[in-house]
Each structure stands twice: as C-alpha cells, then as structure tokens.
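Enquirer: Quick mapping for you: the protein sequence lines, in order, are chains A and B. To convert a position in the first sequence, counted from 1, into our numbering, add 748. Residue 190 in our numbering sits at position 197 of the second sequence; the count goes up by one each step and never skips.
Treat the hints as calculated values from the structure; they're not laboratory data. Be aware that a few hints might be false.
Here are the simulated distance ranges between beta carbons [to be verified]:
#, chain 1, residue 1, chain 2, residue 2, range
1, A, 937, B, 71, 28 to 38 Å
2, B, 135, A, 835, 16 to 26 Å
3, B, 68, A, 845, 38 to 48 Å
4, A, 828, B, 112, 21 to 31 Å
5, B, 135, A, 926, 44 to 54 Å
6, A, 782, B, 143, 22 to 32 Å
7, A, 901, B, 160, 37 to 47 Å
8, A, 901, B, 135, 30 to 40 Å
9, A, 789, B, 158, 52 to 62 Å
Over the 12 Å line for every Cβ pair with chain B, so calculated as not near, a few chain A residues [to be verified]:
#, residue
10, 790
11, 818
12, 853
13, 868
14, 895
15, 898
16, 913
17, 916
18, 921
19, 928
20, 929
21, 946
22, 953
Stretch by stretch, here's where chain A covers chain B in the computed footprint (C-beta under 8 Å, at least three residues) [unchecked claim]:
#, region
23, 118 to 128
24, 162 to 174
Predicted model, so just to flag it, every value in this text is computed and none were measured. Quick reminder that beta carbons are idealized off the backbone N, C-alpha and C, glycines included.
Letter by letter, the chains look like this.
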Amino acid sequence: MSRSLRATVVLLGLSCGGQLVAWRVAPAQRGSDARLARLDSTTRLVVAAVVDSARRTRVPTEPLIDKALEGARKGADGTRIVSAVRGLYAELRSARAALGTGAATDEITAGANALHAGMPMRTLTQLRSVSQHAGRAKVTLPLTVYTDLIARKVPSAVASDVVLSLARAGLRDGDYAMFQRNVRLDIENGADAATAAQTRARGATLRNVGR
Amino acid sequence: MRNHPERWIHRVAAELRRPVRLDDEFDRGVMDAVRAMPRHGHRPWTRMLRARTITVSPIVSGIAAAILFAVALSAGHFIGALRANRASGRVDVATDRSGGTKPGVRHSVQFVLVAPTARKVQVVGDFNDWDASHQEYVAQHRGGGVWSVTAAIPEGHHRYSFVVDDSLWVADPAAPRVLDDDYGLPNSAIVVGGGDVAQ
C-alpha cells in the first residue's frame, strides 16, 4: 500500500473516531432545537438534555420547548427555566403513564397541567376511562376545565368529582364551554367557587340526560 | 558419455523451438471453435462474483472495522431518533415564519381583549413560540377599548396570554385559566378542534 493511501486511510479512521466520540459525548446538543437559541448557552444545554431524555422515553418534546421559550419571553432566569422544564417533564411522564399509551400529545399536555394543578393520577386514569366509555375521543377539554376550576379556587376534590360527573354524562365540547363560562360568571358575580361548580355541573348533567 | 544428456537436451530444445507449420485450415478451425464458445467474464456482475484473494494489513483491517462500527452506530442512532420522534408525536418544526411554527390542521380563532387604555395588544402563546413579532398576532383596536385579532391556530391544547403595551401580561378573562405559576405571570388555555366523538 502506498504511503499516501495509508495516510488517507488513517485520517479517515481518525475522523470517524472523532465523530463517534462527539456523538457519544454531546447527545443533547445534537438534538437541540434551533428555537432554543433564544436561551443562554448553559440553559440551552440543560434544556436540550431534558428534551433529549424526553425523546428517548417517548414523552412529547414540544411542550418542553414551549415551556423554555415561554420562560425566555417572560424574562425568567436560566435556573427558573430549567426548573420549570424539568418539572414539566416529570408531569408529562406521569400524565402519559396515567392516560395510557394511546393518549394524544395534547391530552398528555393537558394531563400534565391537571397533575400540576393537583389532580390525582388515579383520577386522571379514571377520567379517561369514563370519557371513552361515554364515547368521547379525547379528554383534553375536561382536563382544561378541571385546571380552570382549580385556578378559580374550586377545591381539588370537588373539581375532580365535577369533571368525572360531566364525563359520565357524555357532555360535548359546547356543553363544557358553556359550563366553564357559567361557573366563571357565577364566581365573578360573587358566588362560592365550589358551590357554583357543583350547581352548574348538576344542571349540565341533567340537561344532557334529557337529550 | 558425460556430455550425452546435455546433447540430448539441446536436441530436444532445438526441436521444440522449431516453428510448427500448420496450414490455414487448422487455424480457421480452431478460431471457429473458440468463437462458438459462450462469452463470459466480461460483464461487471461476473467480475463481482468471481472469487479473489485480497491481502490487507492488520492496521488497515482494524481501521476498516472501526469505520464500519461507526457507520452502524450512526445508522442505529438515526433510526432510533426517527422512531422516538414518531412515537412522541413530534413533527419537525416547519419554518413557516408567517404563521407560527407549528404544523397541523389550523382553525381560525378570534382573540378579544377589552383594554381601553392600551396602545398595543399582542397575543403570544405556544402556537407562535411566544414570539409576537408576527403581524398575524397583533390585535387591532376596534373602538371602545375592544381589541381583537383572528389567527389560524393548529388543533390541540394551547397556552397563551395577551401582552399589553409590550410589558403587561394579561390572561384572557373569557378563557379557561392555566394554573401555571412557573414564571409568575398568568396564562389562559384554549382547545382548538375537539374530542366530542370517539374514533
């Protein structure tokens, strides 16, 4: 073998070896989303690592990137952004486990928000089962209503009971929207949050039974 | 007698070196027989299939093995990443800078905020990567303090907020809230499309 050919082969081998090392050392940077360029380098590296973990564990990655971008837009520091992204990753994993493998990305995202708001995992599983039994394809809207109730100071146990009863009654999207609007107006008009939610849920359920 | 074998060898060699006289008919017969034989050994695939011996030094074989290993590992990672992306429901982000970065079916959604003293109202959310630099998400003043904008939003669950005068974050008063205290500023939720009917 000529000297130049041998040198070429050695260089090629070294280049492949270097590429291999780079591949193993920086998996997070490899999968980094271009939008994360808005973050500082340290935060970007940690967020990219979390996103990479999510991708490998088949957890939706888009909500994690959104959470980081939201933090950047709201002027949060890197520590806060990393903490929020890590917390959301844990909640997304729990939500996916509770909802089952067939859950859509937006259901998992809404489920993570509901868990963050205080919904027990058992209730999340139950809600999906009850909704499917009632002929509903997705639980995204019931979960969004639950999170709204919690944000309006309805106790978690009451909010869980309310969304489960609405799901059992087989409410449609429009009914959920009307329920949420009515409870909001009641609370804004001075009603007790738990009472407003329970009363409006009873009405929505009865109205749906009459169909 | 000593030279007897050498003489014999010289005589035999001289006999063998002597040109052989063949007639033209014999030559023609041989060439006809050769031409009648099937052609082989000239097509690329026959060359590829023909067994041959290659001599490779240990160092070259080691480097070749390393290259093959690196290529196999890269292919494995690539396939793994593709599968993970498919499983997580993530689609590569399109670079549609005019209407946000999220793929999927879009629906027109109207955002309304009553803000009588505002000079500028924008909508930011996960559907536009929290970036209100696009004109599509800048609300217009309709009079009487009512600001509104209609934008094409992808199906699914979204979090968003209004930004008033580039500084004040305001949750949509008419929309469900998200208990989203990570950054200390409020967000609203919207579900575009629905889940009425089981598929």
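Enquirer: Any of the earlier hints contradicted here, and which numbers?
Expert: 1, 2, 3, 5, 7, 9, 11, 12, 14, 15, 18, 19 and 20
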